[in-house]
Amino acid sequence: MAYVRLRDVSVEFPVYNVGSRSLKKLLLNTTALGNIAKDAHDRITVQALSGISLDLDHGDRLALIGVNGAGKSTLLKVLAGIYEPTRGRVHASGRVSALLTASVGLNPDATGRENIVMRGMFMDVHPREMRARVEEVAAFTELGHYLDMPVRTYSAGMLIRLCFAVATAIPPEILLMDEWLAAGDELFLAKARGRMEHLITGSSIMVLASHSLPLLKEWCNRAIMLEGGRVVAAGSVEEVAALYQRGGQG
Amino acid sequence: MPDTAPSEPIDRLLPLAPGRARLARRDLAEGLRRSWMWWALALQDIRLRYRGSALGPLWLTISTLVMVVAMGFIYARLFQTDTRSYMPYLTVGLIVWQLISTLITDGCQTFTASEAVIQQVPIPFSIHAYRVVCRNFIIFAHSLVLVPIGLAALRIPVGWRAIEAVAGGAVIAVNGVWIAILLGMFSARFRDIPPIVASFVQVAFFVTPVFWPIEALGEYRGIAEYNPLFAAIDVIRAPLLGQATAATSWPVLLAATVVGCAVSFALFARFRSRIAYWV
Chain L
3 MAYVRLRDVS
13 VEFPVYNVGS
23 RSLKKLLLNT
33 TALGNIAKDA
43 HDRITVQALS
53 GISLDLDHGD
63 RLALIGVNGA
73 GKSTLLKVLA
83 GIYEPTRGRV
93 HASGRVSALL
103 TASVGLNPDA
113 TGRENIVMRG
123 MFMDVHPREM
133 RARVEEVAAF
143 TELGHYLDMP
153 VRTYSAGMLI
163 RLCFAVATAI
173 PPEILLMDEW
183 LAAGDELFLA
193 KARGRMEHLI
203 TGSSIMVLAS
213 HSLPLLKEWC
223 NRAIMLEGGR
233 VVAAGSVEEV
243 AALYQRGGQG
Chain G
1218 MPDTAPSEPI
1228 DRLLPLAPGR
1238 ARLARRDLAE
1248 GLRRSWMWWA
1258 LALQDIRLRY
1268 RGSALGPLWL
1278 TISTLVMVVA
1288 MGFIYARLFQ
1298 TDTRSYMPYL
1308 TVGLIVWQLI
1318 STLITDGCQT
1328 FTASEAVIQQ
1338 VPIPFSIHAY
1348 RVVCRNFIIF
1358 AHSLVLVPIG
1368 LAALRIPVGW
1378 RAIEAVAGGA
1388 VIAVNGVWIA
1398 ILLGMFSARF
1408 RDIPPIVASF
1418 VQVAFFVTPV
1428 FWPIEALGEY
1438 RGIAEYNPLF
1448 AAIDVIRAPL
1458 LGQATAATSW
1468 PVLLAATVVG
1478 CAVSFALFAR
1488 FRSRIAYWV
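So the protein lines, in turn, are chains L and G. Residues in the first sequence are numbered consecutively from 3, following this note's numbering. Residues in the second sequence are numbered consecutively from 1218, following this note's numbering.
No lab work stands behind these hints: they were computed from the structure. Any given hint could be a false lead.
Calculated Cβ distances over 10 Å to all of chain L for the following chain G residues [to be verified]:
(1) A1257
(2) L1265
(3) T1300
(4) Q1315
(5) I1335
(6) Q1337
(7) P1339
(8) D1409
(9) I1410
(10) I1413
(11) Y1494
Here are the in silico distance ranges between beta carbons for each label pair [to be verified]:
(12) G/A1387 - L/V17: 40 to 50 Å
(13) L/S157 - G/A1472: 48 to 58 Å
(14) G/A1370 - L/R135: 43 to 53 Å
(15) L/D150 - G/R1487: 40 to 50 Å
(16) G/V1391 - L/P173: 56 to 66 Å
Using N, Cα and C, we set each Cβ at its ideal position, and we do this for glycine too.
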């Protein structure tokens, strides 16, 4: 059974400016006494998440609500196991699939088909097994012969089709989604919706970050609201959404 | 307050946070276990790099061949040795040097080149390092075909010593992994590392006995004997040419391996969790 436990999780994000990215400058500064503290550590630390505790169990459909920069994407990356928190503990079990951005680690020089196989690999599916599924994924994208062309020749809409199909090819137990689907064309969106519903019902845990409250209300059964990296509200989607809207107006 | 009051005691659900060293060991072992993954990624890299070229990685073999022939005649005169013994020495030296130098320069890109993947999917970081090593060994294998051809053409017998060269290759692979992890991390954090490393490698090519005989140093041959880059070349080159390796080569190479692995592991354990933030 899939589950996720976060205990007092904090993420501090170092933002390196040009200077602190250079070893030469670091060394020069160490020799030029006096500037060490100021320049060698001339980096801004962003507190992206602080003290988040969260329990997710089978059947949970969590909505992440919050303004831009509230920490929604960072939290998704922590849940996906991409970012290890700087403090706190994460314990999770279950196959995770994260649909975080539209590029999903596609290789621009490889063809659509190759990317399908490659993405499968990153999800721990052997290429042999994945090749058997390629046709199914290819059919879903409706990209036809474009699938034999390098991905860098694709339009934005085509990329989204491919990414979505590829990322959802293997049903995950824990599904994490950031809002990015909106860029697809109407026809594809309707199709994606069908697949998404199928995927959501198939997954054990789902976390969706979005600004679209109707979408969240439709698909989620729990919600938390983030503000400045902290959980400021939690409860049913209606309650939290109402709170969010009030905050937006006031 | 968030409704996160746990229904079960937390301690039962959360095992004590594993130490950094254990996480790093697990990362390395998990990566190794998924050999099919980095093998497939390495093949894919090569396929993409040489897409649209009829000869593929064999281009590199041809450029090595051209270099060997051009340099062979001239430098054999310069060093006043006969071409027949200098040519194989130069060929194997250059081929092994290409392996070592690309392991080092490519190692700088271990994590930055895989940024898109690291930011999207959680897979062991070591996989990126294994991929770099695997990719460069596949390219090395392409150049290596020149060796049996050359040896046969010059009628140099290949003896049992050649097995020693295989062992040398294996040790170089281990070194490749720590180099890829160490330089990969440094380069992710400090973006001016790759050009620094590239110029270091260029200098190293001239001060290491790759294309000139170590005997030319006379009483100063110690400078080269304690150079781990020479040791790495020697353990492959000497056995292939039916000669004994220099007495210092294996000890120097193994010492470099142990020290390199230890330093690299310590830093990997310490900073592994930061790589995703750096790239």
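Now the hints, each set against the structure:
Distance check for G/A1257 against chain L: the nearest CB is about 5 Å away, which does not clear 10 Å, and the non-interface claim fails. Distance check for G/L1265 against chain L: the nearest CB is about 5 Å away, which does not clear 10 Å, and the non-interface claim fails. Every C-beta of chain L lies more than 10 Å from that of G/T1300, the closest at about 42 Å, which supports listing it as non-interface. Annotated as non-interface, G/Q1315 keeps its C-beta farther than 10 Å from every C-beta of chain L; the closest such distance is 23 Å.
Some Cβ of chain L comes within 10 Å of the Cβ of G/I1335; the nearest lies about 7 Å off, and the non-interface call is violated. Not every C-beta of chain L lies more than 10 Å from that of G/Q1337, the closest at about 4 Å, which undercuts listing it as non-interface. With a closest Cβ-Cβ approach of about 4 Å to chain L, G/P1339 is found to fall inside the 10 Å limit, against its non-interface label. The claim that G/D1409 lies off the interface is violated: its Cβ sits roughly 5 Å from the closest Cβ of chain L, which falls inside the 10 Å cut-off.
With a cut of 10 Å on Cβ distances, G/I1410 falls inside the contact zone with chain L, its closest approach being about 6 Å. Taking the minimum C-beta to C-beta distance to chain L, about 7 Å, the non-interface status of G/I1413 is violated against the 10 Å cut. Distance check on G/Y1494: its Cβ comes as close as 6 Å (rounded) to a Cβ of chain L, failing to clear the 10 Å threshold; non-interface status is violated. With their beta carbons about 42 Å apart, G/A1387 and L/V17 fall inside the hinted range of 40 to 50 Å.
Range check, L/S157 to G/A1472: about 55 Å between beta-carbon atoms, so the 48 to 58 Å window is met. Range check, G/A1370 to L/R135: about 49 Å between beta-carbon atoms, so the 43 to 53 Å window is met. Against the hinted window of 40 to 50 Å, the Cβ-Cβ separation of L/D150 and G/R1487 comes to about 45 Å, which satisfies the hint. A hinted range of 56 to 66 Å for the beta carbons of G/V1391 and L/P173 is inconsistent with their spacing of about 39 Å.
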